[in-house]
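Trainee: One letter stands for each residue in the lines below.
There are 2 protein chains.
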Amino acid sequence: MKHHVYGVILAGGSGTRFWPLSRERFPKQLLRIIGEGTLLQQTFERLIQDIPPRHMTIVTNDVQADSIKLQLNEWKDDLVDNIILEPGGRNTAPAIALTALQLVHRDPEAVMVVVPADHVVKAEKKFMKAVKFATKLAVQGHLVTFGIHPSRPETGYGYIQPNKRKRVETQGSFVGYSVARFVEKPNLPTAQRYYRSGNFFWNSGIFVWKAAAILEELALQQPKLAKILKALGKHVGTPEFPEALRKAYAKMPSLSIDHAVMEHSSRSVVVPVDFGWSDVGSWGSLEEVAPLDKSGNVRNGNILDIGSQNSVLFGDRRLVATIGLDNMVVIDTPDATLVCPKDRAQDVKAIVNLLKKQKAPEHLEHRRVQRPWGAYTVLEEGNGYKVKRIEVIPGKRLSLQLHHQRSEHWVVITGTARVTRGEEVYDLQAGMSTGIPKESPHRLENPGQSLLEIIEIQNGPYLGEDDIVRLKDDFGRLKPV
Amino acid sequence: MKHHVYGVILAGGSGTRFWPLSRERFPKQLLRIIGEGTLLQQTFERLIQDIPPRHMTIVTNDVQADSIKLQLNEWKDDLVDNIILEPGGRNTAPAIALTALQLVHRDPEAVMVVVPADHVVKAEKKFMKAVKFATKLAVQGHLVTFGIHPSRPETGYGYIQPNKRKRVETQGSFVGYSVARFVEKPNLPTAQRYYRSGNFFWNSGIFVWKAAAILEELALQQPKLAKILKALGKHVGTPEFPEALRKAYAKMPSLSIDHAVMEHSSRSVVVPVDFGWSDVGSWGSLEEVAPLDKSGNVRNGNILDIGSQNSVLFGDRRLVATIGLDNMVVIDTPDATLVCPKDRAQDVKAIVNLLKKQKAPEHLEHRRVQRPWGAYTVLEEGNGYKVKRIEVIPGKRLSLQLHHQRSEHWVVITGTARVTRGEEVYDLQAGMSTGIPKESPHRLENPGQSLLEIIEIQNGPYLGEDDIVRLKDDFGRLKPV
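So the sequences go chain by chain: A and B.
All letters in the first sequence, in the order written, are residues 1 to 481 by our numbering.
All letters in the second sequence, in the order written, are residues 1 to 481 by our numbering.
Don't take every hint at face value.
Stated by the list, open to error - One-sided and incomplete, this derived list gives chain A residues near chain B with beta-carbon spacing under 7 Å:
id	residue
1	I306
2	T322
3	I323
4	V330
5	D332
6	L338
7	V339
8	C340
9	R344
10	Q346
11	V378
12	L379
13	E381
14	N459
As the list claims (entries may be wrong) - Reference listing, derived: stretches of chain B covered by chain A, where coverage requires no fewer than 3 residues with Cβ under 8 Å from a Cβ of chain A:
id	segment
15	220–230
16	320–327
17	330–341
18	351–362
19	384–392
20	398–411
Everything labelled a hint here was simulated from the structure, so no lab data went into it.
Glycine included, each C-beta is placed from N, C-alpha and C at the ideal position.
Generate coordinates for the entire structure from the input sequences, incorporating the hints supplied.
Mentor: Below, the structure is given as structure tokens:
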């Protein structure tokens, strides 16, 4: 059976609840919040313990694709054609349907293990055992979801009630129950009742089923969506697919797979599990999964603390000094800092909305912005100038470009820079510099084996990223960013 | 009488309680905490409403002298020879004695108005009226101090009890009482008793007396100190004075003027006043003097807040987002952030001590470091490179210098740079650049009428400030900093 199992990582979420560490263009799954690697990397590595990397599919979007490819660079050869770009966000049902469509085309017997990219699973072995059990049920035609044993009366999750009289399968400690009902996020008294009853489980958002089965069930429960899918299905594997996908998505409803299928289907099965799952929904919930110091604090980065307890203190290289905090959240990033009580951490959403309204850059991007060729960090901006540190990955180069409104100076600080300026091409080493006059076509390339870093000083009346006229580009970006 | 009145500002305090806004080399008096100008500038401008600027003396030390001269640049012609540099910190008695010594030499009838540089006075006119009244008493030979009507049972100040039966002078609402006793910082029950009694006043640390009178009283109460002073007195106005001062200070005891004289002298008089005084002793006390928003917050800089109250939120250009804080202090600076409850604000001292032990730069200096020619800001440091923004005041120039271990690149971002490199001298405008090889003598000068700003990129294995070999300098700094 194992060779029909496919991993599907849903990595399109945007999420604002981890601001200022997350940004609109750099959401939670791309963050290194706990342990080694980012949540996306952890999710990927968890699955490939039993699923071959070339059986992995990532569903994401245009904005995050470059960052995701960078983070999964180690497996880039396995992932060719396996990164699906949604033309827009339509919740989980269309993303899952689209992936199922491609998988049945590739393998009619395909079993999909669908996981969000931004959740934490502490007990990896237990998780893979649960997946094996669920796969067995999936092959029988069931639509399997994992139910998490609640550890508190949480109002932030949906719940699943099993029909305890309908066991569809048992193996060791695992039992698959037919689902009695799905419940939306409850209010506190209801959540308390669920918690005490022992008969309700948190909806983990992790699913296992045959691709063919979920498509059949979609056809049954969501005829409108199924019709759009069917039309799209004809183009799978053809050059027309991207354009057909764009058109299909424009018509697609925004629906969760729970609403679309699971709540209505007689094939829904819940497997209660206990593999240390958390959706790490906010800064306040980090303490569930991150290691704590002896005073109950989550600590990261350059924190100097005297006597704080039960707080989340998350810094970077800058110094953050804290004294006597209790149940507080302090998050420091190069361009923005958040301070709030733990029980107000959900309200960071409101901060992000305010920033959006003010068109402040701090909601959108980090000071360090990733690009397919590397990254740049704005060190300082002032009247008529901007200073950037630019990192170029070995073998990569920026577009051949010119600027109408600014001149640039480049000083190499590490590695070798190959500079194209007009008709000239020359190499610079650390400590060497060059000037690029405005209107002059130029290109920066790293011909070496190690990272190239330069300091760029821009001078001019207008220094926006949209004064880039791209003449040639390795990454198909011939319009301004 | 007026032409015998002299202002003396004690500006040697170092203080750590306003960290991270204050630093060891940039203490409270140099900060813009409330209103227009720094506390030092406000103190100076308050006094010169009635005292001619050339009658003002600033007592400070080597570390702060440059910053103080910059802040009082407008009066630099009046202050020639009137900035006294103490060779070391010895509390207020030696600083006052030293100034008195120089003043009697200049004017035997001199009346000194001695004020700390880092206090706030909200009612300036009332203050100057009180000074006039005190001057009258000083001329009669009294040693006058101002007592502040307590507004709460504060345990952080010393108290003065007047002898209500001994009125030495009355005029309008002003009364001068002979002092019954000075009391050290009391415990809370005692402070509460003092507060209720209405017969105790806070010791403001502001004094008015004849220079000759305080010297006579010092001779009486502190014979050892007086002996050192007498020996030093012979050198006032001679070229040997600085060296004699250094030797005298090495022998000088560290003593407050209260302990040294006021507590023991029968000439001590207290004038109760109410001119909106505060010593702004900590971040927590800022609310007494700074304007509050409608939720009782002190706010400064780029703060985005939702629902905080009674908090001190002090930022700069970086974004600080706060949610639902209550009685908290959040202080953000380019290289360090402090977060603590208001009632723990005094403990910032412990943070500074920890930083000192760790030899962390954040206790000593700001990222922007002032120099007699302007200032520099380290934008980024990394392995083998450092990026600075350098500001040069019109007409000023850095030393002619060379570096053994680094090359430098300069890019002008605003103004005109006159560059000396080896034998060459040339001017650069905004957008132009030049490279300085290691071992090459060079100098940067601002020949223009407006501020010159350049970005400097240093490359080399060692980038410390002590790899500066100064060949010529306008500011007498021929050794490394």
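Trainee: Decide, hint by hint, whether the structure agrees.
Mentor: Results of checking the hints against the structure:
no.: 1; hint: I306; in the structure: holds (6 Å)
no.: 2; hint: T322; in the structure: holds (5 Å)
no.: 3; hint: I323; in the structure: holds (4 Å)
no.: 4; hint: V330; in the structure: holds (5 Å)
no.: 5; hint: D332; in the structure: holds (6 Å)
no.: 6; hint: L338; in the structure: holds (5 Å)
no.: 7; hint: V339; in the structure: holds (5 Å)
no.: 8; hint: C340; in the structure: holds (4 Å)
no.: 9; hint: R344; in the structure: holds (4 Å)
no.: 10; hint: Q346; in the structure: violated (9 Å)
no.: 11; hint: V378; in the structure: violated (10 Å)
no.: 12; hint: L379; in the structure: holds (5 Å)
no.: 13; hint: E381; in the structure: violated (10 Å)
no.: 14; hint: N459; in the structure: holds (4 Å)
no.: 15; hint: 220–230; in the structure: violated (count 0)
no.: 16; hint: 320–327; in the structure: holds (count 6)
no.: 17; hint: 330–341; in the structure: holds (count 9)
no.: 18; hint: 351–362; in the structure: holds (count 5)
no.: 19; hint: 384–392; in the structure: holds (count 4)
no.: 20; hint: 398–411; in the structure: holds (count 3)
In this structure, the earlier hints numbered 10, 11, 13, 15 are contradicted, and the remaining ones agree with it.
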